[in-house]
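Using the sequences and the hints, build the whole thing.
Protein chains: 2
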Amino acid sequence: MQALKERILAEGQNLGGGILKVDGFINHQVDPGLMQACGEELARRFANIGATKVLTAEISGIAPALTTAGQLNLPVVYARKHKPITMPDQVFLTLTPSHTKGRTVELIVSPEYLGAKERVLIIDDFLASGQTILGLVRLAQAAGASIVGIGALVEKAFEGGRAALEYLNVPIESLAIISRMEGDEITFSD
Amino acid sequence: MQALKERILAEGQNLGGGILKVDGFINHQVDPGLMQACGEELARRFANIGATKVLTAEISGIAPALTTAGQLNLPVVYARKHKPITMPDQVFLTLTPSHTKGRTVELIVSPEYLGAKERVLIIDDFLASGQTILGLVRLAQAAGASIVGIGALVEKAFEGGRAALEYLNVPIESLAIISRMEGDEITFSD
Numbered sequence: 001m002q003a004l005k006e007r008i009l010a011e012g013q014n015l016g017g018g019i020l021k022v023d024g025f026i027n028h029q030v031d032p033g034l035m036q037a038c039g040e041e042l043a044r045r046f047a048n049i050g051a052t053k054v055l056t057a058e059i060s061g062i063a064p065a066l067t068t069a070g071q072l073n074l075p076v077v078y079a080r081k082h083k084p085i086t087m088p089d090q091v092f093l094t095l096t097p098s099h100t101k102g103r104t105v106e107l108i109v110s111p112e113y114l115g116a117k118e119r120v121l122i123i124d125d126f127l128a129s130g131q132t133i134l135g136l137v138r139l140a141q142a143a144g145a146s147i148v149g150i151g152a153l154v155e156k157a158f159e160g161g162r163a164a165l166e167y168l169n170v171p172i173e174s175l176a177i178i179s180r181m182e183g184d185e186i187t188f189s190d
Numbered sequence: 001m002q003a004l005k006e007r008i009l010a011e012g013q014n015l016g017g018g019i020l021k022v023d024g025f026i027n028h029q030v031d032p033g034l035m036q037a038c039g040e041e042l043a044r045r046f047a048n049i050g051a052t053k054v055l056t057a058e059i060s061g062i063a064p065a066l067t068t069a070g071q072l073n074l075p076v077v078y079a080r081k082h083k084p085i086t087m088p089d090q091v092f093l094t095l096t097p098s099h100t101k102g103r104t105v106e107l108i109v110s111p112e113y114l115g116a117k118e119r120v121l122i123i124d125d126f127l128a129s130g131q132t133i134l135g136l137v138r139l140a141q142a143a144g145a146s147i148v149g150i151g152a153l154v155e156k157a158f159e160g161g162r163a164a165l166e167y168l169n170v171p172i173e174s175l176a177i178i179s180r181m182e183g184d185e186i187t188f189s190d
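Chains as they are written, first to last, in the working numbering: chain A, 1 to 190; chain B, 1 to 190.
It should be emphasised that the hints constitute simulated quantities derived from the structure, not laboratory data. It is possible that some hints are incorrect.
No distinction is drawn between identical chains; accordingly, a pair holds when it is met within one copy or between any pair of copies.
Cross-link-like lysine to aspartate or glutamate pairs, in silico, DMTMM-like; alpha carbons within 20 angstroms at most [said to hold, decoys possible]:
#1 Lys-21 x Asp-89
#2 Lys-21 x Glu-112
#3 Lys-5 x Glu-182
#4 Lys-117 x Glu-182
#5 Lys-81 x Glu-58
#6 Lys-101 x Asp-89
#7 Lys-21 x Glu-185
Only a predicted model underlies this, so the values are computations on that prediction, with no experimental measurement involved.
See the structure below:
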């Protein structure tokens with residue numbers, strides 16, 4: 001998606017170690033207009049998969065999941081990283097390594113909002129190693145739900161996430177696929 | 001706002017101790033259509049305050065802040081509770097007690113996205129004791145920015161947050177003001 005790629009080229013910063021800083025429009029400050037356009041594009045790509053629910057992980061997945069779900073007219077569930085007191089004792093919980101945090105985090109979903117009949121579209125901000133998305137896949141599978149698609153704003157193709165998810169045999173869509181980051185140079189493959 | 005109040009009456013659960021569970025449409029699962037309508041209504045109420053930025057706190061503030069900011073055509077910044085590795089060493093940080101977590105949490109904003117000239121509209125999901133919003137106020141003040149308005153989806157009037165914020169002398173708007181929760185009965189004052 002051209003608008004997202006242009007914004008990454010204009011404002012994204014390669015911090016080294018595979019870390020792309022996009023805090024000015026995705027991860028800390030959010031541009032609602034860009035996020036809406038991204039949601040519309042993801043919704044367009046997943047218009048025909050018959051999804052019944054969008055699943056994401058707090059925190060940075062919420063904005064793109066919300067705009068995508070809004071376009072598809074679906075509810076969105078965000079997996080929590082800490083169990084709030086409003087959640088029942090019995091939950092779906094999985095552990096996943098966090099690239100940007102340098103430790104393992106929990107992903108928790110209440111069975112109240114993820115049932116066996118759901119057809120789940122997973123949306124996140126980044127597809128990198130795929131570990132967070134694989135955590136969401138395990139939560140959906142624990143609920144007995146089907147995964148019908150996976151979408152991300154930005155894919156770091158050199159971290160192998162797409163290959164790790166291919167066994168699911170569902171469409172995987174990213175709006176900006178980065179093949180290489182070298183110093184100030186960011187190269188897209190799409 | 002009628003649609004929000006009806007949804008609270010239909011699906012909200014009083015868990016006791018002043019805790020209102022709205023996990024089915026605000027805090028874990030989100031209804032994007034309702035959230036869009038809430039954003040439109042908050043934007044309408046704050047259309048003439050000259051805000052330049054919307055400020056919220058992760059996690060549950062993100063959705064209403066995003067839809068409000070989208071309507072007002074403003075960027076939204078969400079204060080982080082953990083400093084990500086993409087953030088500079090020098091940040092604005094404050095501590096705030098979390099009602100639903102039972103402990104103190106950090107709220108952190110990067111000076112990159114909150115400057116002295118900003119006119120800040122604070123949006124959050126709940127206005128209860130006002131502690132989280134007061135934390136956001138301190139962050140904005142640390143940046144030298146002005147607070148020009150405060151908006152919430154749901155206000156628990158019996159927790160005194162509005163009184164705690166009144167010294168700021170800015171408009172405070174909530175879309176559903178709960179005056180009383182007794183057993184299964186939820187009463188609105190507006």
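Right, here's what the structure says about each hint:
With identical chains, the CA atoms of Lys-21 and Asp-89 are at most 20 angstroms apart between copies only, with a shortest distance of 14 angstroms across copies and 37 angstroms within one. Proximity of Lys-21 and Glu-112 under a CA criterion of 20 angstroms is satisfied inter-copy only: 12 angstroms between copies versus 35 angstroms inside one chain copy. In this homomeric assembly, Lys-5 and Glu-182 come within 20 angstroms of each other (Cα to Cα) only inside a single copy, at 16 angstroms, whereas the closest approach across copies is 52 angstroms. Taking CA atoms no more than 20 angstroms apart as the test, Lys-117 paired with Glu-182 passes in neither setting, with 44 angstroms inside one copy and 35 angstroms between copies.
In this homomeric assembly, Lys-81 and Glu-58 come within 20 angstroms of each other (Cα to Cα) both inside a single copy, at 7 angstroms, and across copies, at 12 angstroms. Only between protomers do Lys-101 and Asp-89 lie at most 20 angstroms apart by alpha-carbon distance; the minimum there is 15 angstroms, versus 27 angstroms within a single protomer. With identical chains, the CA atoms of Lys-21 and Glu-185 are at most 20 angstroms apart within one copy only, with a shortest distance of 13 angstroms there and 47 angstroms across copies.
Hint 4 alone, counting from the list given before, is not met by this structure.
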